[in-house]
Amino acid sequence: MLIQYYSLTKMKKITNIIISISLGAFLGFILTESQAISWYRIQEMFHFQSFHMFGLLGSAVVTGALSLIIIKKLKIKSVNNSPIKLKDKPLTWKANLFGGILFGLGWGLTGACSAPLFILVGLSWKLGLLLLLGVLSGTFFYALLKDKLPH
Amino acid sequence: MNKEPLAWYIAGPLIGLIVPLLLILREKQFGVSSSYRYLISLITKKPSYFSYDNKADSWQIQFALGLIGVGLYYFFTNDSDFFFNEDLKNNFPVDFYSLENWFIFLGGGFLVGFGARYSNGCTAGHCIMGMSQLSPASFIATIGFFIGGLIVAHFVNPILFSY
Chain A
1 MLIQYYSLTK MKKITNIIIS ISLGAFLGFI LTESQAISWY RIQEMFHFQS FHMFGLLGSA
61 VVTGALSLII IKKLKIKSVN NSPIKLKDKP LTWKANLFGG ILFGLGWGLT GACSAPLFIL
121 VGLSWKLGLL LLLGVLSGTF FYALLKDKLP H
Chain B
152 MNKEPLAWYI AGPLIGLIVP LLLILREKQF GVSSSYRYLI SLITKKPSYF SYDNKADSWQ
212 IQFALGLIGV GLYYFFTNDS DFFFNEDLKN NFPVDFYSLE NWFIFLGGGF LVGFGARYSN
272 GCTAGHCIMG MSQLSPASFI ATIGFFIGGL IVAHFVNPIL FSY
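Just so you know, the sequences run in chain order A and B. Each residue of the first sequence is one higher than the last, beginning at 1 in my numbering. Each residue of the second sequence is one higher than the last, beginning at 152 in my numbering.
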C-alpha cells in the first residue's frame, strides 16, 4: 500500500514537471516564431511602426480574460478535481508603477522581458547569460533595498 | 534573409491559452519573473526576501527550462533569422545582438530584474495574467512598462546607437 502510494505521488510529480516544461516550450516556440523575442520588434512596437506586437499582446489578454470567464461560468475544475481559485496581485500602486517603469526601461534596452530572456540563454548563451546575470543582480539589489523603497 | 513572423492573431490567442492551461493542469497563475527570486533562494536566504516557502514557485524554473530548450533548438537548427530580419533592420540599422553591447545586456537585465520584482510581476504576470483578471495593480504596472519602454526607445537608444 505504502509503496503504491509513494510511486503514485512520484508519478504525479514527474507528470507535473513534464507539463511545466512543455508549456514553457509551447510559449517559447510561439514567442520565437512571432519574433516577439526580437529587439527589433520591441523597438518597432515602442515607435508605433507596426500593429504586430500590440495585436499579439492584446489578443493574448482577450483570450486569457475570456478563458477565465468560461472557467468561472462553467465552474471548470483542475485536473486534481479542485475548484480553480484566483489570487489578485496586491495593489501597491507606487511599487507597481515605479517598478513597472524600471522594468520598461530594461525591456526597451534589451528587447527582452522575462520569457524571451530565457529563450536567449539557449539561443545565444553568452548574451543570454549576461542578461541573466544582470537580472539576478537586479533581483538581489531589490531585496537589499526593499524596505527603503516606497510600496 | 527575411522571414514573416507568425501572425499576431494566431500567436496572441495561443499565448493567452497558457493562462487556462496552467490553471487547469497545474493550478498555477501565469508568471515568469518569480523564478528570479526562486533561483537566488536556492543559493542564499539573505536578505529575508529570499527566505520564503519557495516550493510554490519551483514550477517556474521548469517552465524556464522549457524556454531555454526552445532557444537551444533554434540555436542548433540555425533557424535564428528573426534576429536579422532585414525589413526590421532598415528601420533600426543596428547590430544589436553583439557582444560589443555587453553593458546593455548586463545593465538592461539589471533593470528588468529589479523592476520586475519591485512591481511584483513582468509582462507575463502583469500584462497577460493580471490584465486577464482585470487586476488594477496589473494595469498600473503595464502603464509603467510602456512609460519606461517609450522613454528608452525614443530618447536613450537613438543616442546609444546614433540613429
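These aren't lab readings, by the way, just hints derived from the structure by calculation. These numbers were taken from a predicted model, which means no experiment stands behind them. Glycine is no exception: its CB is placed at the ideal position from the N, C-alpha and C atoms. Hints are not guaranteed to be accurate.
Said to hold, decoys possible - Here are a few chain A residues that sit away from chain B, every Cβ distance over 10 Å (derived from the structure):
1) Tyr-6
2) Thr-9
3) Lys-10
To be verified - Derived list of chain A stretches under chain B, where covered just means 3 residues or more per stretch with a C-beta under 8 Å from a C-beta of chain B:
4) 15 to 29
5) 128 to 142
* To do: Return the numbers of the hints above that this structure violates; sort them in rising order.
  => none
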